[in-house]
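So the protein lines, in turn, are chains F and D. Under the numbering used here, the first residue of the first sequence carries the number 316, and numbering increases by one thereafter. Under the numbering used here, the first residue of the second sequence carries the number 1024, and numbering increases by one thereafter.
Derived from the structure by calculation, the hints contain no laboratory data. Heads up, some of the hints might be wrong.
As the list claims (entries may be wrong) - Within a straight-line C-alpha distance of at most 25 Å, the following computed PhoX-like cross-link-like pairs (lysine-lysine) qualify:
| # | chain 1 | residue 1 | chain 2 | residue 2 |
| --- | --- | --- | --- | --- |
| 1 | F | K367 | F | K413 |
| 2 | D | K1037 | F | K367 |
| 3 | D | K1043 | F | K367 |
| 4 | D | K1037 | D | K1089 |
| 5 | D | K1064 | F | K318 |
| 6 | D | K1037 | D | K1078 |
| 7 | F | K413 | D | K1037 |
The chain contents come next:
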Amino acid sequence: DAKTTQPTSMDCAEGRAANLPCNHSTISGNEYVYWYRQIHSQGPQYIIHGLKNNETNEMASLIITEDRKSSTLILPHATLRDTAVYYCIVPGGTSYGKLTFGQGTILTVHP
Amino acid sequence: GAVVSQHPSWVICKSGTSVKIECRSLDFQATTMFWYRQFPKQSLMLMATSNEGSKATYEQGVEKDKFLINHASLTLSTLTVTSAHPEDSSFYICSANFDSFQETQYFGPGTRLLVL
């Protein structure tokens, strides 16, 4: 798996956009970027993934830089229930679908 | 869609007993299921990968004779912690995907195990 780097923690006000960055400078051309989150004491939840184009779904948007060395997950209107650990993961190569979870970013949404 | 369930959600057992945890994909057939373990304030660590009808592949350092995995059908995988000890107390989480080349995994809610 390509190594990813994320800030340890971030804060966001409720109702504002939360922008979570991730660096993956060693990503190769056919590797996707995946984002998951884990709310306290629950199993992780898939959020979104992308290759090179920006992606949007009902949960979030994913912006990937043109050189693909970094990406940003955007929660457009954060709520208190978005408080969680967010993981940016780049599986690939011969990992056969295996995911390696790093420490992620602890996002705290404040009232 | 893509719902994964686990049972039980929590279990307390005495040291030396065995505990079985079930993982089910409710609305899809899971070619591959994964088992993770998470200790307090730590990230998830992959224990093993299982494919229906074949033996599980364990990660380095995970004892295959202690953590028995059975993937009997496309919707059910079980993890049995044999002769559990207090150090096995942890949060066990399973996940599943549609096929081996699909990297999106759908996770169960987790099972909290406490060994006394």
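Now for the hints, and whether the structure bears them out:
1. F:K367 with F:K413: 21 Å, holds
2. D:K1037 with F:K367: 51 Å, violated
3. D:K1043 with F:K367: Violated, at roughly 42 Å.
4. D:K1037 with D:K1089: Holds, at roughly 16 Å.
5. D:K1064 with F:K318: 21 Å, holds
6. D:K1037 with D:K1078: Since the Cα atoms of K1037 (chain D) and K1078 (chain D) sit roughly 28 Å apart, the hinted pair is violated (cutoff 25 Å).
7. F:K413 with D:K1037: 32 Å, violated
Violated hints, in rising order: 2, 3, 6, 7; the structure is consistent with all others.
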